[in-house]
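Student: As a plain string of letters, each chain reads:
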Amino acid sequence: MALKTKTSTRIGVTILGWGIALWLFFPIFWMILTSFKSEVQAISTPPKLFFMPTLSSYAEVFERANYWHFALNTVIVSVGATAIAIALAVPAAYSMAFMPSKRTRGTLLWVLSTRMLPPVGVLVPIYILARNTHLLDTCTGLAIVDMLTNLPIIVWMLYTFFREVPAPILEAGRMDGATRWQEMTMVLLPLALPGIASTALLSLILCWNEAFWSLNLTSSHAAPLTAFIASFSSPEGLFFGKLSAASTLAVAPILVFGWISQKQLVRGLTFGAVK
Amino acid sequence: MLRLKYTRTALCALGALLAGSVLSSAQAAGTLTIATVNNGDMIVMRQLSTEFEKAHPDIHLNWVTLEENVLRQRVTTDIAMKTGQFDVVTIGNYEVPIWAKQGWLTEIKPDDAYDMNDILPSVRESLSAEGKLYALPFYAESVITYYRKDLFQKAGLTMPEQPTYDQIRQFADKITDKPNQVYGICLRGKPGWGENMAYISSLANTFGAQWFDMSWKPTLTSDAWKATLNWYVSALKADGPPGATSNGFNENLALFASGHCGIWIDSTVAGGLLFDPKQSQVANTVGFAPAPKGPYGKGPTWLWSWSLAVPVSSHQSADAQAFIAWATSKDYVKLVAERKGWVAAPPGTRASTYAAPEYLKAAPFASFVLNAIKTADPNGPTAQPRPYTGAQFVAIPEFQSIGTQVGQTVAATLSDQMTVDQALTSAQASITRALRQSGRAR
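Chains as they are written, first to last, in numbering that gives the first Met the number 0: chain A, 0 to 274; chain B, 0 to 441.
Simulated from the structure, these hints should not be mistaken for lab results. C-beta atoms are modelled at their ideal positions from N, C-alpha and C, and glycine is treated no differently. Fair warning: there could be bad hints in the mix.
[Stated by the list, open to error] With a straight-line Cα cutoff of 20 Å, these simulated EDC-like cross-link-like pairs (lysine to aspartate or glutamate) come out: (1) B:339 x A:175; (2) B:277 x A:59; (3) B:100 x B:397; (4) B:339 x A:59; (5) B:236 x B:176; (6) B:339 x B:318; (7) B:236 x B:250; (8) B:100 x B:66; (9) B:131 x B:376; (10) A:47 x B:250; (11) B:277 x A:62; (12) B:225 x B:415; (13) B:292 x B:222; (14) B:292 x B:397; (15) B:329 x B:176.
[As the list claims (entries may be wrong)] Distance windows between CB atoms, simulated: (16) A:258 x B:424: 49 to 57 Å; (17) B:241 x A:87: 46 to 54 Å; (18) B:440 x A:210: 34 to 42 Å.
The following block holds chain A by itself, in its conformation from the complex (with noise of 0.2 Å):
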């Protein structure tokens, strides 16, 4: 009976997993079924399931932008910002998490509630220093904006991961005579780097998939892919299969990559969950 009962409720498990998954994919699912449609196809209703599938929406894409462009933007300005962010992030939640003070928590807290600012309600002041730094239309300044942004998330991240790490390790490697820069160098960051690359794999994707900077904040020179996407919204005309065509060259990249991360992720991201 009772094998029957786990046996049920495994079952049970089972297929609600996979409807949450399937459930999730879907929207990503008919983007990619609409991007090989033909444009009355992809309006049509009933929605059409089974038809003759075309290139022409992926042709079109193509012919009007330059996807590689785009694309090189957006590899330079999530790296950028990525190895930057992490840059600043490893020292300030190492020394949060081993040599706290009486303000780190509310420093944490502090650094966590810039996150809660609409980014819209910045915008004004971000606009008028990017154009006075000439960093308007730049990759080198939508990366900042971008590593800005994610910093706070990062720190968090980190300060997490490494409160996890015994603080004894560290006090052995002092012991043996290693400076500060070498105990985090060559004993913290070793012990943590499933937990780094998790977090570096995080930003990476927020930066990919940021669009209100992107938006605002450049117009040819280093607009990244998610400005790609929009460019192909139209007020008067049908526009939804080149849309989906130009959200599925934008997302396959990261999409792919995340997939075949995505050991390392879960990893990561479980790092020192279980004791």
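Got chain A; can you put chain B on it based on the hints?
Tutor: Positioned in the frame of chain A, the structure of chain B alone reads:
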């Protein structure tokens, strides 16, 4: 030690990459940056602009295509802060007079060869402020009625030469066949000053309603407004598609093109799209008629033009003016006709386009469009004197927020969250407050 070396090398490479991106972003001399929207006519312009570059080898064109609302926001920010990122901007006739008064736009003075008298007078006037021209029209649109000839025939109906709103309602009732997903009438329901309120403002004018009296007091609780909104709400509820509050221009275009609408009253720009068999399943059965008339029967109808303007912040004003004169010239219309066919010629701007027999043959809806634009009369009178201009909008800066807010209230009546009377009372109060805050009304 080795690891540290790698780290330094990686950081140097990253720094070089980012520095390179700064350098590459510097504006090259002779490069015009053009901000535009992504619609069919603009895409053709972009493709054919290589001809302009060939004729002007020292000018290179750099295109920035943005979604309409993003474009409006970006260009406003750029011009207001004098950043100078854009040399040519694509804006509508709502923005042109307002921005010209702010001193944001350069006056346009094309040479005689441009033939300014060929531009349709109503379009030219809508792009002027205090007698000076501030933009050149790329294409223009007004409002007409699209209907399905096959459904009319099946129901034994004939569309009159000049329909009235009462007749439209009767026709819609007769051709509605909800079990087969055929809806008698499709109208804009998506909230927004440029979506549902564009149609409703035009509808209100012909019902004898208007937004403000001469002392800038809103008049939304008038009987004429009640009649306007009652017609709109009852028609959509009885004969409209489900979820009408989600339908803007594109959604209704999709519904009509896929055979789900019997009548659709909207922008003339849809004519070319509905007539194209590649984009429309009803290309052979679509009919055209003028926009219906309401009880008042007169008043401004609808005039929108996507136009090219040069912001004062541009450092290359002369080159920018040369480009917009080329893109809106008679020669450009001919170039489009040669390369893409006459049906793709930018509509609604030049009398010479409508005088070309090839165009009239290729676009059977051309005479309706020309007549609709000629009679749009955005500066003309409403039933009572009014202190503002504009046909399907009010040409004041506050209208974007007022229009969108009232649009949301109107949408609430469609989804039964409010009655028509409640919606109009609420809209009256919110507009009064907004105008008092802006200092326009006491």
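Student: None of the hints should be skipped; say for each whether it holds.
Tutor: Here is what the structure says about each hint:
1. B:339 x A:175: violated, 78 Å
2. B:277 x A:59: The given pair, whose Cα atoms are some 15 Å apart, holds under the 20 Å limit.
3. B:100 x B:397: It holds: about 14 Å lies between the C-alpha atoms, which stays within 20 Å.
4. B:339 x A:59: holds, 16 Å
5. B:236 x B:176: Roughly 14 Å between the alpha carbons, so the hint for residue 236 of chain B and residue 176 of chain B holds.
6. B:339 x B:318: violated, 26 Å
7. B:236 x B:250: holds, 17 Å
8. B:100 x B:66: Violated, at about 25 Å.
9. B:131 x B:376: OK: residue 131 of chain B and residue 376 of chain B at ~19 Å, within 20 Å.
10. A:47 x B:250: holds, 17 Å
11. B:277 x A:62: Measuring from Cα to Cα gives roughly 19 Å; hence the hint holds.
12. B:225 x B:415: With Cα atoms ~16 Å apart, residue 225 of chain B and residue 415 of chain B stay inside 20 Å; holds.
13. B:292 x B:222: holds, 17 Å
14. B:292 x B:397: violated, 28 Å
15. B:329 x B:176: violated, 46 Å
16. A:258 x B:424: 49 to 57 Å: holds, 55 Å
17. B:241 x A:87: 46 to 54 Å: holds, 52 Å
18. B:440 x A:210: 34 to 42 Å: holds, 38 Å
Against the hints set out earlier in the document, violations occur for numbers 1, 6, 8, 14 and 15.
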